[in-house]
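Protein chains in written order, with the numbering used here: chain A, 164 to 273; chain B, -8 to 102.
Fair warning: there could be bad hints in the mix.
To be verified - Far from chain A, by Cβ distances over 12 Å, these chain B residues were calculated:
1. D18
2. R19
3. G20
4. E36
5. L37
6. N44
7. S60
8. N91
9. L99
Stated by the list, open to error - Chain A regions said to be covered by chain B (calculated; three or more residues, Cβ under 8 Å):
10. 182 to 191
11. 253 to 267
Just so you know, the hints here were simulated from the structure itself, not pulled from any lab data.
Glycine included, every Cβ here is placed at the ideal spot set by N, Cα and C.
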Amino acid sequence: SQTIHQWPATLVQPVGSPLSLECTVEGTSNPNLYWYRQAAGRGLQLLFYSVGIGQISSEVPQNLSASRPQDRQFILSSKKLLLSDSGFYLCASTGSETQYFGPGTRLLVL
Amino acid sequence: QKEVEQNSGPLSVPEGAIASLNCTYSDRGSQSFFWYRQYSGKSPELIMSIYSNGDKEDGRFTAQLNKASQYVSLLIRDSQPSDSATYLCAVKGNSGYALNFGKGTSLLVTP
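Bound conformation, chain A alone (with noise of 0.2 Å):
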C-alpha cells in the first residue's frame, strides 16, 4: 500500500509571506495527486490534482500554485499569503479506484 508524506505538519506564517508544502509518495508508481484544503468546520475543497509529471489542473482560482516535478512529489505554493488562506491542508492520492490521505498540514495565517 501506498504511504503519503507531508510536511511540515504545522506552520504558522504571517500575511504575505509565501508559502510552500510538499507532498511525497511512496509505494505507488504514476499516482494522480490532489491538494485539498479544509477550512475549520468546512467541507474538503479540491485545489489542484495533477495526472503526471509537470500536468496541474486548477479547481479554484486564487493566490495558491502547484507544481509536480517529479511522479510522486506534488508541492503546493504562494507568493503572498492571505488571511483566508488558514485551514489544513492535505495531499492526495490515487492508485486505481482508491484515494488515500497524506497526514496534512495545519497552516494558520496572521
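Position chain B relative to chain A; hints supplied.
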C-alpha cells in the same frame, strides 16, 4: 455542479447501537463510492469502498448502495465511543479524476 449531500448531524447513538449514516448524490453516472472517517484534527482515512448495488460488509461496517435512488449509506454495528468522528461520503463520476466529497456527518457514540 455535482453534489454529494450528507446530514451534518451530530448523530448521537448509545454504545452498542447501530449507527446509520446516509448520503445522496446528484450525478447519475457515478460509478465508485467511498466512506472516509475523520477524527478531529486528523486526515480522512478510508473505511470502505463500494461499486455495485447492494450491501458490502467489512467487520462492523456495512456499506449499502442503491444507484437507482442515488443513495449510499454506511451502517456501523455495535458502535463504540472510538467510532465518534466525522464520516465523509465521496463519489466518483464516470468522467474526471477527482472525488466529490460531502461535507460529512458528525457521529457521537455515548457510553
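**Q.** Nearest-CB test (12 Å) between chain A and L37/B
**A.** 6 Å, violated
Q: Check whether three or more residues of the segment 182 to 191 of chain A sit with their beta carbon closer than 8 Å to a beta carbon of chain B.
A: Coverage by chain B is violated here, the residue count being 0 at a Cβ distance below 8 Å.
Q. Was S60/B rightly flagged as not at the interface, with every chain A Cβ beyond 12 Å?
A. Holds, because the least Cβ-Cβ distance between S60/B and chain A comes to about 22 Å, which exceeds 12 Å.
Q) Closest CB-CB distance from N44/B to chain A, is it above 12 Å? A) 17 Å, holds
Q. Quick check: the segment 253 to 267 of chain A, covered by chain B? Criterion 3+ residues, Cβ under 8 Å.
A. holds (count 10)
Q: Compute the least Cβ-Cβ separation between N91/B and chain A, then decide whether it is above 12 Å.
A: For N91/B, whose nearest Cβ neighbour in chain A is about 9 Å away, the distance does not exceed 12 Å, so it is violated.
Q) Holds or violated: is the Cβ of L99/B farther than 12 Å from all Cβ atoms of chain A? A) The claim holds: L99/B sits with its nearest Cβ about 16 Å from chain A, beyond 12 Å.
Q: Would you assess whether R19/B, listed as outside the interface, keeps its beta-carbon beyond 12 Å of every beta-carbon in chain A?
A: 19 Å, holds
(Q) If I take the minimum Cβ distance from G20/B to any residue of chain A, is it greater than 12 Å? (A) 15 Å, holds
Q) With d taken as the least Cβ-Cβ distance between E36/B and chain A, does d exceed 12 Å? A) 7 Å, violated
Q. Does D18/B really sit off the interface, with its C-beta more than 12 Å from all C-beta atoms of chain A?
A. 15 Å, holds
Hints 4, 5, 8 and 10 from the earlier list are contradicted by this structure; the remaining hints agree with it.
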